[in-house]
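Colleague: For the numbering used here, add 3 to where a residue sits in the sequence shown, where the first one is 1.
Derived from the structure by calculation, the hints contain no laboratory data. Errors might be hidden in some of the hints.
[Stated by the list, open to error] Here are the simulated EDC-like cross-link-like pairs (lysine to aspartate or glutamate), alpha carbons at most 16 Å apart as the crow flies:
#	residue 1	residue 2
1	181	166
2	145	128
3	145	166
4	145	108
5	145	182
In this text the structure is predicted, and so the values were computed from the model without any measurement.
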Amino acid sequence: MSERAALRDQAADWVVALHQADGRERAELERRCQAWQDQDERHRTLFRQMQTLWNGLDADPPRRARPGLWVLWLLIGLIAWQLPWTLWRGDAHTGAGERLVIDLDDGSRLTLDAGSAVRLDLNADLRRVHLLRGRVFARVAKDPNRPFQIVPRHGTAEALGTEYSVRLVDGATRVAVKESSVRVTPAGHPSAARVLRAGQGATLPRRTVSPPAPLPPGGFEWRRGRLVFNDAPLSRVLDELGRHRPGLLLASPSLPAGLHFTGVLPADDSDRALAVLADALPVRVHRLAAHAVWVGGR
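Required output: the full structure, derived from the provided sequences and hints.
Modeller: Put into structure tokens, the structure is as follows:
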């Protein structure tokens, strides 16, 4: 699924799930839907457009049956041309559950995680990868005359001959170094730069870089379709799985507190991953709609 289709599906799935939910479940869905809209103005715009389409379908006389969900998907295409996809898709992008490997002309290789986008700026003096969303892993070909940089919104992560990843998450940038070293510089604050060595990671909020910290095991396994968790809160596990499946993956407020998971889940088969969680933890998986899943307690 392309990233364009994934974003439209998310907005439509929110509308369908909210329509079908009731009571406490609906209140939690409304809270999560609002948080999703607050992440990006594009989310808000798409949700309102999908909601308008649904309300139009819902306005039929009572004696008529509600049009099938396929009608909503059909109408989605009618407004797609109005949306500024090219402004945020970048030169390369992935949708939910997709990964993409890009071989650059200089011999470097990029791997894009699910829900990611980059814009490339490669010239005779500089190799620059602008990270627009998601996560990218770079295996950098050495070229002493052309620095290699990954540039998220919070600063710059410049390779010093290395393999590393940069991720936009939770309003910050996370840098993880697999081999060699990386110079991490907050935007507008070069004096706060830090050098990270192999096996280290750091976070860039806005004006600083956190102290280097050891990386947890398995942090680069997502490139092979494996998500590794070590005593991770269930909320984080579900958030990560949600990035690797189309549609909605929601957690019920009735879930027992303090649930943690240790293990490896398949990023490319989220249904099987949810089945593993249901076997390992006291949770149950409910399907609200074709692309909406609700995880609640047993």
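Colleague: Now, for every hint given, state plainly whether the structure supports it.
Modeller: Evaluation of the provided hints:
1. 181 x 166: holds, 5 Å
2. 145 x 128: holds, 14 Å
3. 145 x 166: holds, 11 Å
4. 145 x 108: Measuring from Cα to Cα gives roughly 12 Å; hence the hint holds.
5. 145 x 182: holds, 13 Å
In this structure, every one of the numbered hints holds.
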